[in-house]
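Asks: Spelled out from the first residue to the last, the chains are:
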Amino acid sequence: MQVQLRKLLSKKELLAVINEVIGAAGAPICVMDHDERLLAGVEINNPSHKYPVEHETKIIGWVSGDCKASAIASLLSYQAGVEVQKKTLARETLEKYKEITLLYSIAEKITSCLNLKEVAKLVIDEANKFIGATGASVMLLEKEGGKLEIIAAFGSDSHPEREINPGEGIRGDIFLTGRAEIVNDASSDPRYVEGTDKIASVICAPLKIKDSVIGVISLSSTVPVTYTAEHLKLLSTLASQAAAAIENARLYDELRETFFTTVHTLAETIEKRDPYTAGHTRRVMEYSLAIGEHLGLSETEMTTLKLAAILHDIGKIGVRDSVLLKEGKLSDEEFNAIKMHPVYGEDILKHIQQMAKVIPGVKQHHEKYDGRGYPDRLKGLEIDITARIIAVADSFDAMTSDRPYRKGLSLDIAFEELKKHSGGQFDSDMVNAFFMAYEKGKIVL
Amino acid sequence: MSKILIVDDEPHIRLLLEQTLEELEDNGVELLTADNGEAALGIIRSEKPELVFLDVMMPRMNGFDVCHKVKNELGITNVYIVLLTAKGQEFDKQKGKEVGADIYMTKPFNPDEVVEKAKEVLGL
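Sequence lines, in order, name chains A and B.
Under this note's numbering, the residue at position 197 of the first sequence is numbered 197, and the numbers go up by one with no gaps.
Under this note's numbering, the residue at position 70 of the second sequence is numbered 70, and the numbers go up by one with no gaps.
Treat the hints as calculated values from the structure; they're not laboratory data.
One or more of the hints may lead you astray.
To be verified - Covered, in the sense of this in silico footprint (three residues per stretch, anywhere, with C-beta under 8 Å from a C-beta of chain A), are these stretches of chain B:
1) 75-84
2) 115-124
As the list claims (entries may be wrong) - What the simulated footprint calls covered on chain A by chain B, stretch by stretch (three residues with Cβ under 8 Å from a Cβ of chain B suffice, anywhere in the stretch; the number is not a length):
3) 89-96
4) 99-109
Cβ atoms here follow ideal geometry from the backbone N, Cα and C, with glycine treated the same way.
My request is simple: use the sequences and hints to build the entire structure.
Replies: Next up, the structure:
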């Protein structure tokens, strides 16, 4: 490390000490930096003595004057050494601190993420920033097959594309031993399996939850590099955070799955009251999702749409059997009773906080784009987009399904009906999206 | 010559901030330090730094008090004050605003962010 005498003497305390010593010397003294600029004392022409200020045999300045200048030169040399030591320590500490700060921010990012693939991707991206690799991967143990499957990967680590057995290759072995390892000369390692990419170096750590290994994270390089113990320590720290985040994401997925199954079961239970509407819920959900996908809805919007589609008729539970199951024409009073089901749907769902976004799709699915629907006679864009989508899907399925008192309409006629009411009963954007999705084969009848 | 004052009662934070800002010394910036609020106040009065990194949690006179005194009672307005607060600690943003702090940063601080802020404030 370099040290400049000028910088050293910019510290007021040291300069004060030096000035004091110069004053006490009683003779002119001159302190200059290595290219002879005056830093303290007075300029002296042809001094009798001139002593170098040195740090590790490098001359960083001069002190000249009489023989007492020697003591000042020694003092400054010593001080330069101390300064370098201090700076070296400070620099190392700062490096460590930067690492901690980064780890901290990574931990924040990954623990706030609940998507398994995203967590895995995030972890390898961040690890790559630290460690430097031409490829990286996260592999997890499949619960059923008992094999290791790639969850996220890039570059030289994307191979093989199939899952591997525990114990197979370097990553497979580390999964079994549960111990992080560096293999800087991969091809001569007995566990090395020739992949599509020839990798030169690997650094790999197990992903552990308590004592069980759930997968591995590895980084590799196609050009020989020397991964260090420092890298390994960092990767292990990252791996333990990643494992926790991955476990969280998995649990969240399971919870979500359970939730959807419960909602489905609930909807189907209600559907069972009317055997002729069997499968209606599932089909409305599928058509709605096809429309939503074509419209490019976000993941969250799609989830809301899915739930609203599944639950759109949930309020029918509040409609009497004698009305709901009646064959033939309904009286006005009976029809009014049926028309209450979107409102009942809202009443049921409003008690579940997580369903807040789902309610508009349920309550408004009988609203019409031209404002002639029910229950609130909403119009155009006043109607929630999920409801505008479900309206198309629901009507299409109602038209094409068989009923006890009538056969379902043919596809052509149903398509004609949708077109005829596009822009009237239905939002034309939704009808168009329906046809586009149908043409692309996304709507399976 | 611009001056930056670093105020924290923890020596390692002072050291780290000094080391972080060391590169600015080449641009003629002088780094000053203080380990408590009262000392900081004295240095702000006498040295008139353009920028102060000021820890909030300090014994005796805390960062809020120092900031309030400087910006309101002493009326020194041409100083940019960055409050440093510990992560996880409830930080009263409203109070930070009231006492006249310019911004706040959380510890562990991001060294790059600190340098960037210093350069911005000093116009380097």
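Asks: Would you mind marking each hint as holding or not holding in the structure?
Replies: Going through the hints against the structure:
no.: 1; hint: 75-84; result: violated (count 0)
no.: 2; hint: 115-124; result: violated (count 0)
no.: 3; hint: 89-96; result: holds (count 4)
no.: 4; hint: 99-109; result: holds (count 4)
Going down the numbered hints, you'll see the structure goes against 1 and 2, while the others check out.
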